[in-house]
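Participant: Sequence:
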Amino acid sequence: MAREKRGRPSWGAAMLLAAAMLLSGCSGNSAEQYLKSGKAKLQASDLRGAAIEFRNALQKDASLAEARFLLGSALLRQGDARSAYAELERAERQGYDANLVVPLLARALSQQGRHEEVLIRFAQATLNEPGGMAALQLSLARAHLAGGQAEPAEASVRQALDAVPGLPEALQLQARIIARRGDVPAAIARAQGLIAADPKSDSNWLTLGDLQQAAGQADAARRSYAQAIQLNPAAAQGYASLLPLLMSAGDLPGATATLAALEKVDAGSVLTRYYKAWIKLEQGELQVAQELGENLLKQSPDNVDLLYLAGAVEARRNSLDRAVDLLGKAVAAAPEPLRPRMLLAQTLLRRGDADKCLQTLQPLLKRDPAPAEALVLAAAATARGGDGAKAEQWLARAVDADPQNVQGRVGLAVARIGRGEVDEGLKQLRAVGASTPDLTPDTTLVDQLARLRRFDAALEALRVLEAKPEGKLVAEMLRGRLELARDNVAQAREAFDAVLKADAANTQATAALAGLDLADRRPEAARARFQKLLEKDPANSAARSALLRLEIDRGASSDQLVAMARQAVKLVPGSRELRLDLIRVLLSKPDARQAAEVAQESVNLLGDDPELLAALGQAQLLGGEANLASKSFTRLLALKPKLPQAHLWLAQAYRQAGDNARALRALKHGVEVLPDEPALYRSEALLLNADGQPAQALQVARQLQARDKAGWQGLALEGDVLARQERFDEAVHAYTAALVRNPAGALAVGLHQALVRAGRADAALAFERKRLADEPRDSRFISYLAETALRARRLDVAEARFRQALALQPQNPALLNNLAWVMGRQGRADAALDFADRAVTLAPRQPDFWDTLAEIRAAATQYDAAVQAQQQALALAPENHLHRLHLASYLLQAGKREQAKAELTRLAQLGARFDLQAEVQRMLATL
1 MAREKRGRPS
11 WGAAMLLAAA
21 MLLSGCSGNS
31 AEQYLKSGKA
41 KLQASDLRGA
51 AIEFRNALQK
61 DASLAEARFL
71 LGSALLRQGD
81 ARSAYAELER
91 AERQGYDANL
101 VVPLLARALS
111 QQGRHEEVLI
121 RFAQATLNEP
131 GGMAALQLSL
141 ARAHLAGGQA
151 EPAEASVRQA
161 LDAVPGLPEA
171 LQLQARIIAR
181 RGDVPAAIAR
191 AQGLIAADPK
201 SDSNWLTLGD
211 LQQAAGQADA
221 ARRSYAQAIQ
231 LNPAAAQGYA
241 SLLPLLMSAG
251 DLPGATATLA
261 ALEKVDAGSV
271 LTRYYKAWIK
281 LEQGELQVAQ
291 ELGENLLKQS
301 PDNVDLLYLA
311 GAVEARRNSL
321 DRAVDLLGKA
331 VAAAPEPLRP
341 RMLLAQTLLR
351 RGDADKCLQT
361 LQPLLKRDPA
371 PAEALVLAAA
381 ATARGGDGAK
391 AEQWLARAVD
401 ADPQNVQGRV
411 GLAVARIGRG
421 EVDEGLKQLR
431 AVGASTPDLT
441 PDTTLVDQLA
451 RLRRFDAALE
461 ALRVLEAKPE
471 GKLVAEMLRG
481 RLELARDNVA
491 QAREAFDAVL
501 KADAANTQAT
511 AALAGLDLAD
521 RRPEAARARF
531 QKLLEKDPAN
541 SAARSALLRL
551 EIDRGASSDQ
561 LVAMARQAVK
571 LVPGSRELRL
581 DLIRVLLSKP
591 DARQAAEVAQ
601 ESVNLLGDDP
611 ELLAALGQAQ
621 LLGGEANLAS
631 KSFTRLLALK
641 PKLPQAHLWL
651 AQAYRQAGDN
661 ARALRALKHG
671 VEVLPDEPAL
681 YRSEALLLNA
691 DGQPAQALQV
701 ARQLQARDKA
711 GWQGLALEGD
721 VLARQERFDE
731 AVHAYTAALV
741 RNPAGALAVG
751 LHQALVRAGR
761 ADAALAFERK
771 RLADEPRDSR
781 FISYLAETAL
791 RARRLDVAEA
801 RFRQALALQP
811 QNPALLNNLA
821 WVMGRQGRAD
831 AALDFADRAV
841 TLAPRQPDFW
851 DTLAEIRAAA
861 TQYDAAVQAQ
871 QQALALAPEN
881 HLHRLHLASY
891 LLQAGKREQA
901 KAELTRLAQL
911 GARFDLQAEV
921 QRMLATL
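In full-length UniProt numbering, the protein residues as written are 1 to 927.
Calculated from the structure, these hints are not laboratory results. Every residue, glycine too, gets a C-beta built ideally from N, C-alpha and C. Take the hints with a grain of salt, since some may be wrong.
[Claimed, not checked] Within a straight-line C-alpha distance of at most 30 Å, the following computed BS3-like cross-link-like pairs (lysine-lysine) qualify:
1) K366 with K390
2) K356 with K366
3) K41 with K60
4) K298 with K41
5) K390 with K356
6) K631 with K668
7) K709 with K770
8) K60 with K329
[Said to hold, decoys possible] Derived CB-CB ranges, DEER-like:
9) T634 with T126: 52 to 62 Å
10) Q359 with A679: 26 to 36 Å
11) A267 with K668: 35 to 45 Å
12) A519 with E460: 23 to 33 Å
13) A502 with Q287: 46 to 56 Å
14) S435 with A539: 50 to 60 Å
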């Protein structure tokens with residue numbers, strides 16, 4: 001028997017209603033014979049076969065109203081409410097019995113979520129046949145309930161009972177209305193009374209289960225659903241009722257098994273496909289879930305439950321705009337249900353729309369009591385807006401509404417610690433932890449104690465945590481991190497090893513131990529750990545990503561890295577991180593076209609993820625596709641309107657496309673959205689200056705000065721603009737004022753450059769001496785002086801300055817490389833080798849550093865070693881023709897004439913694309 005269910009799809013139960021009179025006849029291939037065959041299939045529950053036969057009958061005779069009606073009935077039972085409605089309307093126009101067709105028309109509208117239309121069209125309808133009138137009134141009751149109108153719904157149920165006294169479906173709906181009024185215990189008692197009168201009715205047990213679920217009696221509801229399935233194992237609704245209960249409890253294996261049982265009963269129904277989509281979503285099979293959801297939505301585009309499903313899938317795919325659109329429609333059509341509204345609010349917050357999130361939550365926040373989870377989300381949105389006090393008020397309300405709400409209680413405790421009531425906040429966290437098996441309060445307590453460096457207290461908290469169910473491994477992991485914070489590396493290793501002993505596939509512990517191996521300069525040990533983890537879990541994307549990083553650090557070739565990253569994506573195609581890894585190595589190769597293809601494929605598969613869209617836009621920019629890049633960055637901005645870099649990228653794309661006007665508009669819009677972001681002002685001012693609008697550029701710099709809380713950034717920008725306008729004396733004034741407020745090395749560099757270019761050499765020298773005396777550890781300024789001396793070919797001064805900077809930053813590979821180059825050019829190659837080797841060890845992916853090392857090895861007459869280093873430089877930058885020329889030179893010096901000739905021939909084939917052809921021909925002539 002069909003039934004309604006609070007908080008679940010109104011269309012789900014309806015599809016189980018037997019919707020047609022089953023008549024008999026003889027077989028054959030006339031319209032009447034097809035009609036008879038269809039009826040037989042309908043009676044045997046072969047809905048698809050019946051629909052085919054009814055369509056065959058209508059092809060023979062389109063005027064057969066009965067065939068039209070029965071086709072609509074079969075489609076309705078299959079869950080195709082949209083097509084069913086179209087056929088039933090045609091049957092009505094052909095004069096088919098209103099007592100039969102009108103109730104099904106109302107049901108078809110209801111299944112599509114078109115409740116308002118049900119009320120408009122059928123509220124005043126009257127039917128002669130009692131059964132039809134009762135069915136119509138129940139559809140009207142459901143429509144009233146969907147709009148939150150309990151009293152009209154109850155009146156419709158009474159009319160149904162007047163038409164058919166004791167109608168079980170009406171009595172069940174009556175119990176649901178009692179629950180909707182807020183008296184769930186009375187509703188449960190009513191359902192139990194129905195069971196006492198008819199204990200073998202599966203629909204009575206289903207009604208009881210729904211009401212028990214509404215009362216929070218999950219175990220009792222599960223037993224009621226199991227009883228319904230036992231009474232009628234061939235009915236789909238029992239499985240469909242049990243499924244969401246299992247899923248909400250996190251029992252994915254149980255839900256999967258229940259779905260398999262449901263598929264045996266009715267594999268093709270809307271209800272089955274609906275829950276299959278949800279389970280695929282939970283299993284992370286986003287593409288399958290999306291296809292299922294979209295196909296269902298095509299059949300019933302206004303159905304609230306299908307809109308919610310499709311919105312949930314898009315939210316998981318990070319297609320936030322699409323998710324907001326779908327969920328917004330679901331909430332507009334059915335404002336009362338909690339889940340769609342909560343997910344819409346969460347998605348808006350993820351998109352950066354904290355204000356819209358709060359607006360969406362308002363109907364929930366006005367309830368008495370408001371749902372605790374809505375109050376916690378309101379706190380998060382309010383905190384995002386910077387109002388910590390108001391956020392704390394929301395958390396307090398959440399705890400008042402549900403004193404056991406863990407998130408709210410933990411949030412209040414952390415807020416208390418944040419405002420200085422440390423001991424009271426810690427006491428609260430301990431109390432919350434003692435009251436729940438949830439690990440969140442305990443892990444938060446350990447984290448807070450570690451931040452406060454109360455390590456002994458943190459260790460005590462860990463002992464409490466490990467005593468909880470599921471707490472031991474978490475405690476060991478936290479113990480390892482805590483010991484690291486205390487610089488107890490040996491004890492940290494012991495803790496992480498203990499985690500791996502209990503769970504050999506634990507990624508976090510493996511990564512932690514690998515990090516310790518790397519700190520001990522044992523990269524092979526780290527690599528072995530991740531390889532061992534992948535033997536147990538080949539689809540572990542974190543381990544594959546870590547292995548790739550180790551290969552990058554090792555200096556593997558671009559082709560090796562690309563092959564490795566492609567293999568990882570092939571094994572785990574749904575991994576966002578592995579796809580980003582592949583895009584990055586393609587960009588560094590560089591192969592912008594392939595990177596863009598992978599990025600586009602990834603966005604198509606995983607949705608509008610911000611990092612993927614950013615990677616797509618950057619790849620398109622590097623590949624010369626500025627117009628496509630602007631579209632990608634526009635999509636990124638829709639997701640992250642307050643991401644400064646997204647505004648800058650969009651402006652860069654417009655500028656690369658030759659549209660400076662749109663680039664300026666993009667930057668102006670960025671400043672409107674983020675009025676305190678200096679980078680946006682800087683880009684706008686410099687673009688205005690380059691575009692021949694110097695006065696406007698200075699105006700933007702002064703706008704930043706008015707907003708600049710630090711007091712120096714606007715002045716620095718003014719100095720940069722004036723320097724570009726060659727107004728160097730004025731630039732000196734601006735940089736000097738900025739430097740008073742912030743003694744940063746970059747400002748000192750700007751001031752020194754302005755003094756030099758203003759022709760004030762004495763003032764520049766005086767400033768240099770004073771700066772070095774006042775800020776002897778300013779490595780940025782010292783490096784600048786070294787580079788300036790290098791450009792002037794004052795190699796002895798450059799070497800002294802590079803050594804001075806290197807003393808401050810001994811692990812800086814650029815400084816090591818530059819010092820090595822300067823020493824090599826002074827004829828001290830043997831001494832330079834150590835610095836060049838250290839540079840490539842620290843930065844093995846920098847081709848220019850390998851080029852320097854090769855030059856120095858050649859100068860030291862280590863020609864074979866020079867060739868090896870230059871080959872590494874060329875592998876990292878295969879399109880750098882100067883590197884190839886250097887390789888040919890070293891091959892000649894190493895006596896490898898044929899190899900040298902091959903490289904020179906490749907260069908000669910470039911023709912005018914390589915401007916050192918004269919040198920190429922000179923070298924070829926020696927062979």
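Participant: Confirm or reject each hint.
Facilitator: Results of checking the hints against the structure:
As the CA atoms of K366 and K390 are separated by approximately 16 Å, the hinted pair is consistent with the 30 Å bound. Between the alpha carbons of K356 and K366 the distance comes to roughly 16 Å, so the proposed pair stays at or under 30 Å and holds. Distance restraint check for K41 and K60: the Cα-Cα separation of roughly 19 Å lies within the 30 Å cut-off, and the hinted pair is therefore satisfied. A C-alpha spacing of about 26 Å is found between K298 and K41, which places the hinted pair at or below 30 Å, so the restraint holds.
For the hint linking K390 to K356, the alpha-carbon distance of about 17 Å falls within 30 Å, and the restraint holds. Straight-line distance between C-alpha atoms of K631 and K668 comes to about 18 Å, which keeps the hinted pair within the 30 Å bound. Under the criterion of a C-alpha separation no larger than 30 Å, the hint pairing K709 with K770 is consistent with the structure, at around 28 Å. For the proposed pair K60 and K329, the alpha carbon gap of about 41 Å is over 30 Å, so the pair is violated.
The supplied range of 52 to 62 Å is met by T634 and T126, whose beta-carbon atoms lie about 56 Å from each other. For the hinted restraint 26 to 36 Å between Q359 and A679, the CB-CB distance of approximately 30 Å keeps it satisfied. Remark: the range hint 35 to 45 Å for A267 to K668 is contradicted by a beta-carbon distance near 56 Å. For A519 paired with E460, a C-beta distance near 28 Å keeps the hint of 23 to 33 Å intact.
In this structure the supplied range 46 to 56 Å is violated for A502 paired with Q287, their Cβ-Cβ distance being about 34 Å. For the pair S435 and A539, the beta carbons lie near 38 Å from each other, so the given range of 50 to 60 Å is not met.
When the structure is compared with the earlier hints, violations turn up for hints 8, 11, 13 and 14 and for no others.
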